[in-house]
Amino acid sequence: MSHPANEVVLEILHETTYDYELAVSLAHHLAYLQPLSDAHQRLLAHELQVDPQPARCRDGRDVFDNSCCYLTLLKPHRRLSVIARSRVWVAPRFTGLEPEASPPWEAVRDRLRYVAGAPFDPAVEFVQPSPYLPRWDDLGDYAAPSFPPGRSLAAGAIDLMQRIHGDFRYEARSTEVDTPVAEAFAQRRGVCQDLAHVMAGALRLLGLPARYVSGYLRTRSAAGAELVGADASHAWVQVYAPGTPGVPADGWLDLDPTNDIIPGVDHVRIAIGRDYGDVAPLRGVIRGGGQHRLTVGVTTRLAEI
Amino acid sequence: MDRHQSNLVPPGPLSDPEGSASSPQGAAPDPEGRAGNPFSGISAPPLAVWDELRAADGSLRPAWARFAELLPPLPPGHDLAAELERRRRQVEERILRDGVTHNVFGPEGAATRPWSVELLPFLIAPEDWARIEAGLTQRASLLQAILADLYGPRRLLAEGLLPPALVFRHPGYARPLHGVQPAGGRHLLIIAFDIARGPEGGWWLVAQRTQAPSGLGYVLHNRLLVMGQFPEAFRELRVQHIASSYRRLLDAMEGPARELAGGQPPRLALLTAGPYGETWYEQAYLARYLGLTLVEGGDLQVRDDRLWLKTVEGLEPVHGLLRRVDDDWCDPLELRPDSALGVPGLVQAFRAGQVVMANALGSAVLESPAILGFLPAIARRLLDQELLLPALPTWWCGEPAAWAAVKDQLDDKRARGTFPQGERTSPLLAMDAARIAVDPDAWTIQSRLRLSHTPLWEGRGFRLRPALVRVYAIADGQGGWQLLPGGMTRVARREEASVSLQRGGTSLDTWVLTEGPVDPFSLLPGKLSVDEVRQRRRPLSSRTGENLFWLGRYTERTEQQVRLARATLLLIADDGAASGPLLEALSTLGARAGLVRVGVGVGVPGPGIAPRDYERALLRGLAASGAEVGLIPGIPFNLQALERVSMALRDRLSTEHWSLMQRMRVIFSRSLMPAEEGLPVMAKVLPALDRLAVQLAAATGAQSDRMTRDLGWRLLILGRLLERLVGLTQSLEVFLAAGAQASTAGVSHLLELFDSTITFRARYQGHEDLLALADLLVLDDTNPRAFAGVLRRLRTELSKLPGAGGVTGSAAGGATANAISGAGEGGAVSLVARLPAAGVGITLEDLRDVDDVALASFLGDLARDLNQRALSLAEAIGHRYFALADGPDQVQHA
Chain R
1 MSHPANEVVL
11 EILHETTYDY
21 ELAVSLAHHL
31 AYLQPLSDAH
41 QRLLAHELQV
51 DPQPARCRDG
61 RDVFDNSCCY
71 LTLLKPHRRL
81 SVIARSRVWV
91 APRFTGLEPE
101 ASPPWEAVRD
111 RLRYVAGAPF
121 DPAVEFVQPS
131 PYLPRWDDLG
141 DYAAPSFPPG
151 RSLAAGAIDL
161 MQRIHGDFRY
171 EARSTEVDTP
181 VAEAFAQRRG
191 VCQDLAHVMA
201 GALRLLGLPA
211 RYVSGYLRTR
221 SAAGAELVGA
231 DASHAWVQVY
241 APGTPGVPAD
251 GWLDLDPTND
261 IIPGVDHVRI
271 AIGRDYGDVA
281 PLRGVIRGGG
291 QHRLTVGVTT
301 RLAEI
Chain D
306 MDRHQSNLVP
316 PGPLSDPEGS
326 ASSPQGAAPD
336 PEGRAGNPFS
346 GISAPPLAVW
356 DELRAADGSL
366 RPAWARFAEL
376 LPPLPPGHDL
386 AAELERRRRQ
396 VEERILRDGV
406 THNVFGPEGA
416 ATRPWSVELL
426 PFLIAPEDWA
436 RIEAGLTQRA
446 SLLQAILADL
456 YGPRRLLAEG
466 LLPPALVFRH
476 PGYARPLHGV
486 QPAGGRHLLI
496 IAFDIARGPE
506 GGWWLVAQRT
516 QAPSGLGYVL
526 HNRLLVMGQF
536 PEAFRELRVQ
546 HIASSYRRLL
556 DAMEGPAREL
566 AGGQPPRLAL
576 LTAGPYGETW
586 YEQAYLARYL
596 GLTLVEGGDL
606 QVRDDRLWLK
616 TVEGLEPVHG
626 LLRRVDDDWC
636 DPLELRPDSA
646 LGVPGLVQAF
656 RAGQVVMANA
666 LGSAVLESPA
676 ILGFLPAIAR
686 RLLDQELLLP
696 ALPTWWCGEP
706 AAWAAVKDQL
716 DDKRARGTFP
726 QGERTSPLLA
736 MDAARIAVDP
746 DAWTIQSRLR
756 LSHTPLWEGR
766 GFRLRPALVR
776 VYAIADGQGG
786 WQLLPGGMTR
796 VARREEASVS
806 LQRGGTSLDT
816 WVLTEGPVDP
826 FSLLPGKLSV
836 DEVRQRRRPL
846 SSRTGENLFW
856 LGRYTERTEQ
866 QVRLARATLL
876 LIADDGAASG
886 PLLEALSTLG
896 ARAGLVRVGV
906 GVGVPGPGIA
916 PRDYERALLR
926 GLAASGAEVG
936 LIPGIPFNLQ
946 ALERVSMALR
956 DRLSTEHWSL
966 MQRMRVIFSR
976 SLMPAEEGLP
986 VMAKVLPALD
996 RLAVQLAAAT
1006 GAQSDRMTRD
1016 LGWRLLILGR
1026 LLERLVGLTQ
1036 SLEVFLAAGA
1046 QASTAGVSHL
1056 LELFDSTITF
1066 RARYQGHEDL
1076 LALADLLVLD
1086 DTNPRAFAGV
1096 LRRLRTELSK
1106 LPGAGGVTGS
1116 AAGGATANAI
1126 SGAGEGGAVS
1136 LVARLPAAGV
1146 GITLEDLRDV
1156 DDVALASFLG
1166 DLARDLNQRA
1176 LSLAEAIGHR
1186 YFALADGPDQ
1196 VQHA
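Residue numbers (our numbering), protein chains in the order written: chain R, 1 to 305; chain D, 306 to 1199.
Calculated from the structure, these hints are not laboratory results. Some hints could be false.
Computed list of lysine to any residue pairs in SDA-like fashion (alpha-carbon distance at most 25 Å, straight line) [stated by the list, open to error]:
| # | chain 1 | residue 1 | chain 2 | residue 2 |
| --- | --- | --- | --- | --- |
| 1 | D | Lys712 | R | Leu112 |
| 2 | R | Lys75 | D | Arg611 |
| 3 | D | Lys1105 | D | Arg1014 |
| 4 | R | Lys75 | D | Leu646 |
| 5 | D | Lys712 | R | Val115 |
| 6 | D | Lys712 | D | Pro698 |
| 7 | R | Lys75 | D | Lys1105 |
| 8 | D | Lys712 | D | Asp689 |
| 9 | D | Lys712 | R | Arg109 |
One-sided excerpt, in silico: chain R residues whose CB lies under 10 Å from chain D [as the list claims (entries may be wrong)]:
| # | residue |
| --- | --- |
| 10 | Thr16 |
| 11 | Phe168 |
| 12 | Tyr170 |
| 13 | Glu171 |
| 14 | Thr175 |
| 15 | Gly277 |
Where is the CB? At the ideal position from N, CA and C, for every residue including glycine.
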């Protein structure tokens, strides 16, 4: 778990194609394809290419301050192609991380419990169950061994990440995007999205805030290792560990259970939400279309400078 | 009044197993034994329950005393019990006749149940109403202020006045609308409050409905029914009228909507979940009363952030929605993706301020019972006021202090789910504190209220029952609120049972008495402007157009099948008369129509080989029920289809017509009973078919004479004509192919199927030539059932369709119509051009010197050709006006 200190510039090509059996007469899509910008990641260039040309294409910001784009297609079409090209500068987000110096997990949990008139911490939104992560007590039982009384929060969360990585088999296409977390949990296998859901759901049942991160992963890490999940868009988790040395002031610590790593400069964040449903890369409602075939391709690599 | 006395007293207290334990007093003696109190025999309410009828000393409360005095004089020889029972039956019959229903969902699936209204109203005295009004308008203002804060600065969260979990975990909190100001500025235009009176006589708020409150339609209908039973009392008690409240709701929407419509009269619609929703009837009723177009999500589209209704004439803008679809189901793109009820993009239109909604998306978050406990402090913060009308004491278990305070005293309380998709309300508290402790946020504890009891007439006597009153606050144009002076009172049929219509409760009209003048307003006051008049011609949504088209088709198809079934049964019964070809023709038609199940696996031999077996198969088809109905497209199938299609047309058809369409299936299947060996007896079948034929004739009569000749009617008639052409061409073709027209019996049956017997016999007097048949059944355009007659009317009606005379896909409405009609479906052929230009394409003259063999073959080809044209024309109408090809919306994720 070492982090190359060097910042990098990554280039991402994200292609999504729908082929429809019948003509689609009217379509509304919502795209979360534009990487975010903050102190540790900066979007240098971004281009969204949609074919056929949408009647309307409008940028927006959601309640979590993610960038999104509304696309409306009014002409009949049998194929939709959405290509996102991004160029992103990435710097390590966690330097000098000391997980064991994180506060005890119960302290964070208790601080978020409602007391009349007490101050409001927005992180509390990410303790609540959400559409893809309904409350499911088995997840809490699963998480419990990582959080004995008094355990420091970040250390417990990293332990949970390692256990999920060990217990679950990553299997491309083993689940659908709407596979309930319970099913992935029971089968002990899934794609990165499922592993992220399992981990976020488990943390929430203990009363700890956890967010879902949609992003990209370099196909070959800076350290030279093959990473899993780079051929499509990737997903991981953030746990709320305020006051942990090495975690930025916002308190959110990224953890990638699919690869058992703390994301450094190989991960690019696109959008952050409660679960997959908040930040799905491309969701849409179409009229017509019949059956469809979906092709997604993602390439993330070091920019040639 | 003496005459009321003797028969009013029921023989004794009615036995009430549930109620006896809680009514230790049993029947109360007539307190004063005075004459003139028709309620004198009624039992006392259970201990510690407020009696709406009587004061503590047993005397009637003033409103009820007046009501009793105003009961109408009885005709000689009648007693009051009989009179009240007569009126109760009148109400009941009226409900059945109007088809007022309530769809109920149980373990066995959905069932439609007649709406239940009590004969007696619930009375609210002026001083009580004043308190209720002050308390609830204050609460309405507070709720609006809370939503404005939640979707805006969130001060209530920041200051710890509202627990974040109640917002962030509630599925009705619409994240995509954070920071969005609704068009018109207000989130709430209508709120329903459920209130009840406690043991001390004070009123309590029990629950509030903020997103899509139901009941306004039932309130109207209840008023209509009950008012008519007690006209004197209604007038003399000065019961407040309710019509202006409905006008106010329209005004509240129309104000901001008019701005969106550029100052023109706006188009408002009622968004429904469809005919299978719980309160479909009342939604259709309300839409008709308010003059709103009734639409389902699939009827609407969002383009350029604006909302459009797909009508048979193209896209029409919609500026406001009174919605009866829950928040999270309204837009599958940004809210619940599994919703098939919503409109993709509606959130965008709402965000852009291009649609007024009653109520705004995201209002449901206030429906959590847990909110009630936090309102007093919030009222102090936002309004600097104390709440005037208390809510039931409520503890949200997610607040550790509240849970600790209440967890050892659960016995006299009830637990409710904090969130709608959480666990069900446990009806009576046998609560397990440990279960709550697992996920305390999801639970809310509420004190139980012993509801006040109000009198009901229950057939043999009066009974007191616990009542819950739903009242409605409606926004006015000045930013304030007014209560609709009335409401819907619901009572449990049993003591202690929960007051829920889903659980078999019943409803009361609610009379708010006033000491001042009664507002005489009716919903259609003053003069309408030309624009308003135009506006009231509601556009025809494509869905409604399609349903009307199919109403015409199914009605005609059923008529044809009844005729065919009748003819076939008679022929089989009359053993000697049947010639081979005729039997063959009828059985071919029967098989095509799905009257009998022939073919794979069933193997019914033709009627010529085994007439009894064939007859049994036919009877089995007629008596099909349940799942069998879907297997063969015979009469029961068509009657079911008529029932379904007309259900969706509740707001378009006259009550008599609608009610007939709804009942025909049941009447037909009942009239086939009793059955032997599962089959109806022949003696029942023919009369049943005859009765059905009469009903169908009445239905077509209603369609022909009593409907406005608008576009909807035209589509219905086109459906009927096309179906007629399909059926008649098929009949002739099959008869000719079998040679069945060669016998007298064959000619008779053919004429029967064309309903042309009398004219033929009068015109040709004994001749049965094929040429004569060709003249009357094919060429004569004055015969409404000849091909030429049907074609003539088809051409007339088709030419009146918007854009039908022109080129498909580019007519009516230019670009928008073009966009919705799909890419060139139907090619560049106009609809009329799909038919022969005149007549059937030939004249009698063309048949000179043609022998019978050639004539039969020629007519057969003509029939086949017209049959194909009719089918393809029906399909083209579908593509052009209903866009059947698109199907439902699909959600996809990548």
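Inset, instruction - Compare the distance between the alpha carbons of Lys75(R) and Arg611(D) with 25 Å, and conclude whether the hinted pair is satisfied. - result: Measuring from Cα to Cα gives roughly 17 Å; hence the hint holds.
Legend entry - Status of the hint placing Thr16(R) at chain D (closest C-beta pair under 10 Å): 5 Å, holds
Legend entry - Restraint satisfaction for Thr175(R) [CB to CB of chain D, less than 10 Å]: 12 Å, violated
Legend entry - Restraint outcome when Tyr170(R) is required to lie within 10 Å of chain D by C-beta distance: 20 Å, violated
Inset, instruction - Would you mind confirming whether the straight-line C-alpha gap from Lys712(D) to Arg109(R) stays at or under 25 Å? - result: 22 Å, holds
Inset, instruction - Take the C-alpha atoms of Lys712(D) and Val115(R), compute the straight-line distance between them, and say whether it is at most 25 Å. - result: 17 Å, holds
Inset, instruction - Decide if the proposed pair is consistent with the structure: Lys1105(D) and Arg1014(D), CA atoms, cutoff 25 Å inclusive. - result: At roughly 11 Å apart (the allowed maximum being 25 Å), Arg1014(D) and Lys1105(D) satisfy the hint.
Inset, instruction - Below or equal to 25 Å on CA atoms is what counts here, so check Lys75(R) against Lys1105(D). - result: Roughly 29 Å between the alpha carbons, so the hint for Lys75(R) and Lys1105(D) is violated.
Inset, instruction - Would you check the hint for Lys712(D) and Pro698(D), treating anything up to 25 Å between C-alpha atoms as holding? - result: Holds. Lys712(D) to Pro698(D) sits at ~14 Å (cutoff 25 Å).
Inset, instruction - Report holds or violated for the interface hint on Phe168(R), using the least CB-CB distance to chain D and a cut-off of 10 Å. - result: Where the cut-off is 10 Å and the nearest Cβ of chain D is about 22 Å from Phe168(R), the hint is violated.
Legend entry - Restraint satisfaction for Gly277(R) [CB to CB of chain D, less than 10 Å]: 7 Å, holds
Legend entry - 25 Å limit on alpha-carbon distance, applied to hinted pair Lys712(D) and Leu112(R): Roughly 22 Å between the alpha carbons, so the hint for Lys712(D) and Leu112(R) holds.
Of the hints listed earlier, those the structure fails to meet are numbers 7, 8, 11, 12, 13 and 14, in rising order.
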